[in-house]
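Visitor: If you read the sequences in order, they're chains A and B. Using this note's numbering, you'd call the opening residue of the first sequence number 54 and step up by one each time. Using this note's numbering, you'd call the opening residue of the second sequence number 137 and step up by one each time.
Hints were generated in silico from the structure; no laboratory data involved. Hints are not guaranteed to be accurate.
[As the list claims (entries may be wrong)] Covered stretches of chain A (chain B as the covering partner; in silico rule of three or more C-beta atoms under 8 Å from a C-beta of chain B): (1) 74 to 80; (2) 89 to 97; (3) 116 to 123; (4) 207 to 218; (5) 228 to 238.
[What the hints assert, rightly or not] Partial list, derived from the structure: chain A residues whose beta carbon lies under 7 Å from chain B: (6) Val-69; (7) Val-104; (8) Ala-188; (9) Thr-225.
Cβ atoms here follow ideal geometry from the backbone N, Cα and C, with glycine treated the same way.
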Amino acid sequence: MEHVLERRPRGRITKVEEDLVERASAGEQAAFDELVRRHFARVYGLLFRLVGNHEDAEDLAQESFVRAHRSLALFRGQSSFATWVWRIALHLAQDHHRRRGVGPVVGPLVGDELVRGGARTHGPSDEVAGRELKAGLERALERLPERLRSALVLRVFEGLEYEQVARITGVTQQTARTHVMKARRQLARWLEPWLDRSDEREERR
Amino acid sequence: MTSCRLAKRWIERAADGELSLEHELRLEQHLAHCAACSSTRDRQQRLEELFATRTEPRYEQLDIEGAVAGVQAAIAARPVDAAPPLRLNYPLRSVGLGAAAAAAAALWLLTRPSNDVEQLRDSEGESGGELTQAVAPPEPSPDAVAQIDADTSDLAGHTNALTQQSVERLQPERLASVRSSVGGWLAESFSALQPSASDAQLSSASERLEERALLGGAADWPLVRLAEQLLQHEDEQRARAAALYLGQRGDALSARGLGRVLRHESIAPFALRSLIALGEDGIDALAEALLEPRQCAGALDALVAIGGESAASALETVLADSERFVELEHAEQLRRALPRFGEHGLASALRLAARDELSRSELRAACDALPQAADVLGMLVQERAQDFEEGVLLDAVAHLRPAAALPWVEERAQDRATEAEGLACLEQFEGLEALRSSWRLLDSGRVSPRCGRDSLHAMLARDPERNKALSSELLAKDQCELAEGWLEVLIESGASASAPALLELARSAALAKDLRLLAVLACGELGTLEHVEQLRAGYAQLDVDDRRLAAAHLVALYEIAGEEPALDTLGSLAPRESSRLGALLRQVAARGESSVSLLRLARELTPHLRPTTSSRSHS
């Protein structure tokens, strides 16, 4: 749990970080390098959870910092540097998603896929079923509308408070709550066939 | 007894780690005897377990120094001038009190007499930011500032750097004297000013006070902090003056002080006026006041006056906090206030309804109370539909029927998860566009046949003129191939309201005669006495070439009105002829759609019909 807390972008700009940002804004490359060192892993972690693979997450994390460097003049210290760079990362992940052409779908496509996948899970191997289900979850996450996916990832997988989710996604806290709730409901709806089948499996045992 | 609806809400909150212990216990009690909710909870837990199985990021494979070098290289390869400007999806938002306090502090810095404060800087705390002052003023102010800030610290819980330094503290008598002077100047400058005073009057009173303080040798005294202390003064005139002054020069810290005096009825109007003037800085204090029944009305008015998303959000937060909300006697009053916040209030109502904090009937009432609600809702649907739960949004859309929302409703109807709600919503819309949309959804197979047909039939039963208009549109656009499908739908609907649309199709020469015949006969089955004249008018336009159609018109008239009115259409008939045609009509009616009988009838009608258009032109 500690690592999750550590990864949270904190609201307060610490003095050291404030100095680093100021120096980086003034053109000091070493200060910006230090900011990259401090935040790269966190940004990569978020991107991994958003795009689902190491290589893309690493590339996008790098791009996030390049863009942050280019836009340092826009950073007014109203939020922490971490929150700001996370917001850039989120934006890049959304672009990446759009480029890959995985858009929102109409109809329970994912549900259907899972029903078909789920039918195979009646076989002997729970391991196979688990793998298929994980793949199904990834597909379902990919098909969630971007704003819902971002809010869910930040809240559930990054463990952020709603206040932070709201800051990063640029909505009010209440809207962030609604996005997470809708994402959960949508996933539950899409994955319902499997979730119910788990019931049966447990009963059979 | 906990309802299943409430239990479902708690299950969701529990999954989010936001359920209180008390509610958790009540939920467990409910689950012990409710199999349905228990199963919902199990599914929810399985989903959370599934989340936990997601692959973790591969931190161990990260090469941070490599990444730093990569970033450096990329920056070098793309000079800033050549780079396109960064466009963020989201605006760089203010993050609450921190920024606001900084702005207020900057204002104070600009308006205060100079050389008393060396450094004033903002910092963003976890809870929204605090104001920190490092003060090194000349005599006599350092003591005053230190003492005053120490005394005021309970207002904001902030610490002053000076209090940790070895500064001689101001004697209580001296502080009382300073405060008394400022109180006197305040009362003098703001005398006779009421909460209804204009901004210009208040601004000029503030300037009078500051000028008076300057003349009195108090240029370095922090008037805002002193005014905060004077809010609690037993002399009401001074307290009111202080309240008004804080509206002009105060900041986020002052707002909390103003919030505290809202309980004093005689000062509350002055404090409210100033909280409104403080804008976003005043919202938190007003939100607190919403919880107090006696302060609620004033706080609501003030929040409405401030307006905007943050003000609406403050009310929404109070309403969404069910643990406090349940206890509130004036909850109803708060819910009714949502429409006063316009677009943002409606957005809040939609979110609250999604979480069952607002019932659907309360949501509809909120919609009804909002001026131009349909336009506002249409805009929300077009721009922010994703921010709301579909079921709730569909409910509101079905209630208000904004035309702008129609494409979204159509989209929802095509989504199997929301098909039924989407179609039910579409059904509620007036106008040709909605009917066209419903029919096309069915015709193109984008909705399930049964649901689509039921919904379309419900629409067809409502508005005969609209049905007729769609027939006319199809014929005008020369879409005869579509008209055939439309004819089938009209016949299947079994609604008398479909009759005018059928007659419209029957009148069109562009349509195949068989289809026209079918339309007329169907009109006979579905029509009522009010369609008799239309059928007669249709018959009058036919000529000899249309004798089968003419026969169908007679049969339709016979079906609707009986033998006599049907034969009356033919004008005066000899008794024998009348009897023969009557018998034929009865035969046709008895045999249903027998074409033999219909042909016989058509032959009999030949003498009664006009010559064909072509033969008339020859003659």
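Visitor: Against this structure, judge whether each hint is valid.
Guide: So, going through the hints one by one against the coordinates:
no. : hint       : result
1   : 74 to 80   : violated (count 0)
2   : 89 to 97   : holds (count 5)
3   : 116 to 123 : holds (count 6)
4   : 207 to 218 : holds (count 3)
5   : 228 to 238 : holds (count 9)
6   : Val-69     : violated (13 Å)
7   : Val-104    : violated (11 Å)
8   : Ala-188    : violated (11 Å)
9   : Thr-225    : holds (5 Å)
Checked against the numbered hints given earlier, the structure breaks hints 1, 6, 7, 8 and satisfies all the rest.
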